[in-house]
Amino acid sequence: MIELTVTHREEIIAHAREDFPNECVGLLLGKTNRAERLLRMENVEHSPLNYRVEPRALLQIFDEMDALGLELVGIYHSHTHSPARPSRTDIELAGYPDAHYLIISLQDQERPDLRAFTIVEGMVEEQEVVVR
Amino acid sequence: MAITVYIPTPFRDLTRGQGHVPANGATIAALIDDLESRYPGLGERIADVDGVHHHVNVFVNGQEMRSLAGEGTPLADGDEVAFIPALVGGYE
Chain B
1 MIELTVTHRE EIIAHAREDF PNECVGLLLG KTNRAERLLR MENVEHSPLN
51 YRVEPRALLQ IFDEMDALGL ELVGIYHSHT HSPARPSRTD IELAGYPDAH
101 YLIISLQDQE RPDLRAFTIV EGMVEEQEVV VR
Chain Z
133 MAITVYIPTP FRDLTRGQGH VPANGATIAA LIDDLESRYP GLGERIADVD
183 GVHHHVNVFV NGQEMRSLAG EGTPLADGDE VAFIPALVGG YE
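Here the protein sequences come in this chain order: B and Z. First residue of the first sequence? That's 1 in the working numbering, and the numbers climb one at a time after it. First residue of the second sequence? That's 133 in the working numbering, and the numbers climb one at a time after it.
Everything labelled a hint here was simulated from the structure, so no lab data went into it. You may find that some hints are simply not true.
Said to hold, decoys possible - Examples of chain B residues lying across from chain Z (beta carbon under 10 Å, computed):
(1) 38
(2) 41
(3) 50
(4) 64
(5) 80
(6) 84
(7) 86
(8) 87
(9) 95
(10) 97
Stated by the list, open to error - From the derived model, a few chain B residues whose C-beta atoms are all more than 10 Å from chain Z:
(11) 13
(12) 52
(13) 90
(14) 114
(15) 128
(16) 131
Every residue gets a Cβ at the ideal spot worked out from N, C-alpha and C, and that includes glycine.
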């Protein structure tokens with residue numbers, strides 16, 4: 001389960017629409033599965049097919065996160081032409097088993113679909129998204 | 133004095149939750165060996181016989197290891213080394 005605010009949900013959808021047709025990516029920081037802060041990140045691939053965050057940017061954020069006592073509770077990215085399910089690549093390359101991977105699908109532009117998953121050593125489990 | 137190593141959250145299950153640990157090594161490769169001896173299992177999260185995994189980024193005082201001398205990058209007391217798993221994905 002991951003808990004986020006209505007504003008977080010709206011912000012994720014807005015980010016996905018702004019970066020369309022490219023994939024967007026961002027982080028949710030918080031405590032024990034409850035998101036408190038949303039950080040938009042740059043998809044340095046600028047691609048409709050994949051995303052990558054510059055590791056140097058992560059290094060800086062992780063340092064600040066530790067100092068603030070926050071955890072990486074979620075990583076969101078968009079799928080612009082496919083459902084909100086982790087792709088084979090998403091699963092193979094998932095390096096954060098403690099975080100929720102949120103996928104916002106814009107396959108149906110009118111009805112964005114936001115879903116969350118944990119990906120642990122190739123095992124995918126859908127998790128509830130609680131919007132407070 | 134030693135080298136200060138930043139451990140990202142996905143590896144902290146092996147460091148009893150610690151985010152920064154001291155370690156020693158004259159190079160990145162030696163540092164990884166030292167980390168493995170202190171925290172069994174940590175070494176293979178970072179590297180295998182071919183070197184550091186492609187999906188792990190290593191920073192030495194904020195400089196990416198691959199822009200320095202790779203696993204042979206020399207280290208000195210007081211250096212700060214960070215391991216950052218890649219944040220990547222894509223469509224099939």
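key: Unmet hints by their number, sorted upward, for this structure   = Hints 1, 4, 6, 12 and 13 are the ones this structure does not satisfy, whereas the remaining hints hold.
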